[in-house]
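**Q** So the chains spell out like this:
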Amino acid sequence: MSVAKEGFEPLIVAFCCNWCSYAGADLAGTGRMPYPANVRIVRVPCSSRVNPSFVIRAFQRGADGVIVAGCHPGDCHYHSGNFFTRRRLSVLRRLLEYMGIEPERFQVRWISGSEGAKFAQVMTDLTADIRALGPNRKLRDAL
Amino acid sequence: MKVTTDTICSDLLKEVEEYSGEKVASCIQCGKCSGGCPMLEAMDLLPHQVMRLAQLGLKEDIMKSKTLWVCASCFTCAARCQRDLDLSKVMEGFRVIQLRQKGGNTMHPRQLTPEQLKDAPQQAIISGFRKYSK
Amino acid sequence: MKRVGVFVCWCGSNIAATVDIERVIAAARKMPNVVYASDNKYMCSELGQASIRESIEKENITRVVIASCSPRMHENTFRKTVAAAGLNPFYLEIANIREHCSWVHKEGEVGTVKAISLVRTAVAKAARNEPLTPSSLQITKRALVIGAGIAGIQAALDIADSGYQVDLVEKEPSIGGRMAQLDKTFPTLDCSACILTPKMVDVAQHDNITLHTYSVVEKVDGYVGNFTATIRKKSRGIDMEKCTGCGICYEKCPVKVDSEFEAGMAKRRAIYVPFPQAVPNKPVIDRENCRYFTQGKCKVCQKLCPAGAVDYELEDEVLTVEYGAIVVATGFDILDLQAYGEYGYGKHPDVLTSLEFERLVNASGPTGGKILRPSDGKPPRTVAFIQCVGSRDQAKGKAYCSKVCCMYTAKHAILLREKVPGAKPIVFYIDVRTPGKDYEEFYNRATDEYGATYIRGQVGKVYPEGDRLIIRGVDSLSARPVELEVDMVVLAVAVTARADAAGVGRMLGITTNAHQFFNEAHPKLRPVETHSAGIYLAGMCQGPKDIPEAVAQASAAAVKVVGLLNKDSLVGNPTVANVDESMCSGCLECTQVCPYDAIKEKSITERRGRETLTRTVAEVNEGLCQGCGACSVACRPGANNLKGFTNEQILAEVDAVCL
Amino acid sequence: MRYSLYPGCTLKTKAKVFEETALEAAEALGLEMVELEEWQCCGAVYPLAKDEYFPLLSPVRSLAAAGERGEKLVTLCAACHHVFKRANHAIKGDREAREKVTGYLEVDYAGDVEVVHYLEVLKNEVGFDRIREKVKSPLEGKKLAAYYGCLLLRPEKEMHFDDPENPTILEDFIRSLGAEAVQYPYRTDCCGAYLSITEEGLARDTVGKILKSAQRNGVEGLVVACPLCHYNLAKYQESLTDTRGGEGIPVHYFTELLAQALAEGPAEEERT
Ligand SMILES: Cc1cc2nc3c(=O)[nH]c(=O)nc-3n(C[C@H](O)[C@H](O)[C@H](O)COP(=O)(O)OP(=O)(O)OC[C@H]3O[C@@H](n4cnc5c(N)ncnc54)[C@H](O)[C@@H]3O)c2cc1C
Ligand SMILES: Cc1cc2nc3c(=O)[nH]c(=O)nc-3n(C[C@H](O)[C@H](O)[C@H](O)COP(=O)(O)OP(=O)(O)OC[C@H]3O[C@@H](n4cnc5c(N)ncnc54)[C@H](O)[C@@H]3O)c2cc1C
Ligand code: SF4
Ligand code: SF4
Ligand code: SF4
Ligand code: SF4
Ligand code: SF4
Ligand code: SF4
Ligand code: SF4
Ligand code: SF4
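In the order they appear, the protein sequences are chains A, P, U and D.
With the working numbering as the guide, the letters of the first sequence map in order to residues 1 to 143.
With the working numbering as the guide, the letters of the second sequence map in order to residues 1001 to 1134.
With the working numbering as the guide, the letters of the third sequence map in order to residues 2001 to 2659.
With the working numbering as the guide, the letters of the fourth sequence map in order to residues 3001 to 3272.
Warning: the hint list may mix true and false statements.
Calculated lysine-lysine pairs in the DSS-like style (CA-CA distance at most 30 angstroms, straight line) [to be verified]:
(1) U:K2424 with D:K3212
(2) D:K3100 with D:K3072
(3) D:K3072 with U:K2378
Think of the hints as simulated: they come from the structure by calculation, not from any bench.
The model shown is predicted, which means the values in this text are computed figures rather than measured ones.
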């Protein structure tokens, strides 16, 4: 098993809300704070735009991890959007678990536009977690 | 006792919060508990001081205080605390800590005068024992 | 087929030093739909933009991907470039290969690989971009201000001075609010009436302000730039045109009730002017107490009125007016002290609230400004002031700090000494909070010059003993019990939101916090805006604040209003939600999640064969929608989709990322 | 209506008159109060430490027994009332307490027996107006004052008895008997409770304050609902400097006055 993980480069899809987390990622860039290139950002207006089906689709197409990052509760640009996100995504998490996906593969985090370092840190930790888990084989489309 | 890093970082708060179920750390020292306490004049530490010393971790000062034993559990403080704290429970928490850790019941049957035994209602004697010995 | 053009930027060496531009271009050329790919050293420069325009035209490009810095940096720049080339500006997508790539992945070739992936994702989305046109909204050049305390007055004057029409709606018979009730004001001890009355007169005389007193806003519809409000002008029973304000009518009215303005410290008649400087200075008949209205006879005032202005038959007037912007300035109440039996308020006449004390000190108040005990009319020698009554109290009152009471208590101590020489003010406090310019100094004057004694400790109990009041408390600093005999007790009672604030909030579609104060859009950076565009906040209705802060916030709200009304039209955000009626099941799930209440149900009629069916569908108000997309997620049939971030676009991005 | 009555230990020994007069008055008012067959001492104090479940056993056993009878449980002694109300509250609201206590007792009890104090029965079920009608020997001209003490009123969130700072039930009661209800500030202050056993001097001081305040306000008799208050207030009368010919201020259980007022006869002479 550990041999299989050698050289494994996980693919991580990050849904980032435009106002906070995407800006946080920009700030990590401006501040030249490195994090693993495994992370690919998809920009959404608000974390509440993330349909659970997007997350499932990512796993089906071979993503090894998915993260939804939005504004801190109370700071949402759309004032209550991320509140719905929280509820909806905790249901999704249970569903994924039920489908046999390790809970660590799907995370929801609050990262503000001023938290460049936090963005880099979260992505670094997440990549390490997923790397340790190995590739996602559960939901992957049998292509 | 002096306030030191050790007292502030001690487990006293945790301990008394466990026994009493009250969030002693949230006391803002408004003094309203002491302001209405009927036993104030007999106390060597005023109720709000007990809270403060607990926040600072000064256990010995609290443990040797007479206050714990003159508090009548009248709930006046609890009815008025601006932080919704029940000091009667905190006092009980400290009494319990002391009785359980050090033993030393503070009420003995022989302490009662014959007159008390004759006149005092059961209720007083039972509650006295309940409070002062475990 | 879509013809996508890819333009890769070097950003000098910012990108090019890490990402192999050549390889990105080569890879891009092989991506689906891509017909053209090229690079430029500085894409945002005049030259770079020109090259994009030329290529679009020459290569007949219909969708554009620019791989460069963050869209948060240059999306607008490049949208204009694309538009200049004759395309819809929303045909553009940006691949962020600088902030999200070259600057953070410097090792080896991972940067190049990721850049290619980012370009592929942007291409996938761009190929599905639809033309979007921002709507253009007209703006009604008129503002509504609700509540005419100092905050509402200031906001109305500032907007009116900028040349716009303002309607100022006040539910009481006079404008002025709480400030009109105060005596002198901290930290300068200006007389409240002396600085407020001129502003009240300005309001009355301003050409651009229409005053509606004794009026309430009953309904508000619409959205930024286009509100419609229904205002009920309650009947005063007085013909305002005829009335000269002579005041003869109320002298003989047989009914006496507690005066609200005097905080119950004096009586008024059933026909009355709340206070001498009232604006408008014309009476109103209080129908709940007037004998004519309750018992059918009296009419004394009508008989006396020399102008024939009293008219019991006058009815409410209901106006419907359109506005571009709304300022909410409904102010505050004080806490009901029912739960605070320990302070003896309501049981003993010499225990007063701070607001009652303001009236007692006021030269136009019930005692003509003499501080006298309500019980026996004698001047008090010692007065205890108790701070934080009902504030900072999680058990029986309000958890927050009321912010103004430390300062006005210091003021009261000073005023006591000024009015009753030799009297002793004693203040019970938990903390003295004086952040503000000259505030600490003001408090220092109370202790240093006016001999106020401050005792740190909340009072346990107040009770009468003979004709004096006993205060039992503690000085927590010295840990000594305190037992004082005083002549009067003044309670610095918590300020609260207006009792009807939550209802006003619902009517306007703005939210309140746990204590019913209106929520600002951002506690630091958007303190006068609400989450509903075009609705602004001023004064205490947003949270405890003193007069200087209320006025500052009012002027700030006025600037926001004027900034909005100054625009010719509002350019809407085109990335709004859209409902495909043919797919909508009418479940209305989407209406539940919208933070802006932008989705409403509507009925549509359609023909199915021979039958005509009526069914419910959802409809998005594009003026209100801010484009968060929550509704699109809530929609199970997939009828609701967010333009610019459609389900198809995002799924295409996900697929491209995972390739 | 039939009620289960919980007398408590003290009413069977040192405060017999409290129970006797309560039953007498109940009969006069047509209230059927039947003593629980199986009851134990309530423990006199409610356990305040969070992990003490043991002292809940006894009150819960009595409560469960009352539950079987399906009647409201009426209390007389303020301390019993306090313990029952709070034990009920704990069983209802604290799952751990409920599981531990009912598990140990092997009873099925969910905290739903309604515990009412005799005074509450008078106020809410009989009504003070009806009592006023039924009074045969009104206590006219008497200046009586309520002494509430602590246990009936606090903590309000659990007791729901009356406004803890401004209670009125005993005053309303006093007026319904035809007497004048005098207000004085110390009526809700603690008398020292069991400190009279361990801290005599202190109890004497606190009682002294209460009595003196009552005296300054012209009180001719104190009305209580607790044997311990009764004991303390009666015991330290010497703290009154002016004892009115050595008699001090008499202390009555509210039921004594009630029974007396409801009965025929020359109540006036007896009392003066
Ligand atoms: C005792 C006391 C002393 C004070 N002393 C000082 C001082 O010395 N210095 C100082 O700076 N501050 C002082 N303050 C604070 C000061 O009173 C407030 O900061 C100020 O009055 C807030 O003004 P406002 O316009 O926001 O609210 P308000 O004065 O309450 O005005 C709101 C207005 O809106 C009206 N209204 C409410 N609801 C509606 C509705 N639904 N429709 C239409 N109209 C409505 C009300 O009738 C009122 O006229 C004191 C406060 C108190 C309680
Ligand atoms: C340690 C600390 C922590 C704080 N934490 C918080 C907090 O958590 N939350 C909070 O709300 N507030 C906080 N504050 C307060 C906050 O910093 C200030 O309220 C805020 O920064 C004030 O902004 P300003 O624009 O008025 O002044 P400044 O930030 O001082 O900006 C003034 C600008 O003007 C420029 N300037 C000065 N003179 C001239 C000149 N003659 N010509 C041209 N330019 C000039 C200066 O260079 C500066 O850029 C904190 C303050 C401190 C000291
Ligand atoms: S419970 Fe104790 S501390 Fe609290 S008021 Fe009563 S005697 Fe004082
Ligand atoms: S009343 Fe409450 S908050 Fe105030 S000092 Fe006492 S325990 Fe602390
Ligand atoms: S478009 Fe962006 S990346 Fe390119 S040169 Fe300009 S700033 Fe740099
Ligand atoms: S008497 Fe007539 S004119 Fe004078 S104030 Fe009254 S209503 Fe107006
Ligand atoms: S009609 Fe009404 S308002 Fe007029 S005088 Fe009579 S009671 Fe007063
Ligand atoms: S301003 Fe002062 S008196 Fe008022 S609530 Fe805050 S701390 Fe208490
Ligand atoms: S959630 Fe979808 S189906 Fe339901 S009403 Fe809204 S748009 Fe229509
Ligand atoms: S996109 Fe957001 S703001 Fe617009 S209608 Fe949907 S939920 Fe409301």
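**Q** Each hint: holds or not?
**A** To see whether the hints hold, each was checked on the structure:
For a cut-off of 30 angstroms, the pair hint linking K2424 of chain U to K3212 of chain D stands: about 29 angstroms separates their Cα positions. A threshold of 30 angstroms between alpha carbons decides the hint, and for K3100 of chain D with K3072 of chain D the separation of about 25 angstroms falls inside it, so the pair holds. Distance check on the hinted pair: K3072 of chain D and K2378 of chain U sit about 54 angstroms apart at the alpha-carbon level, beyond 30 angstroms; violated.
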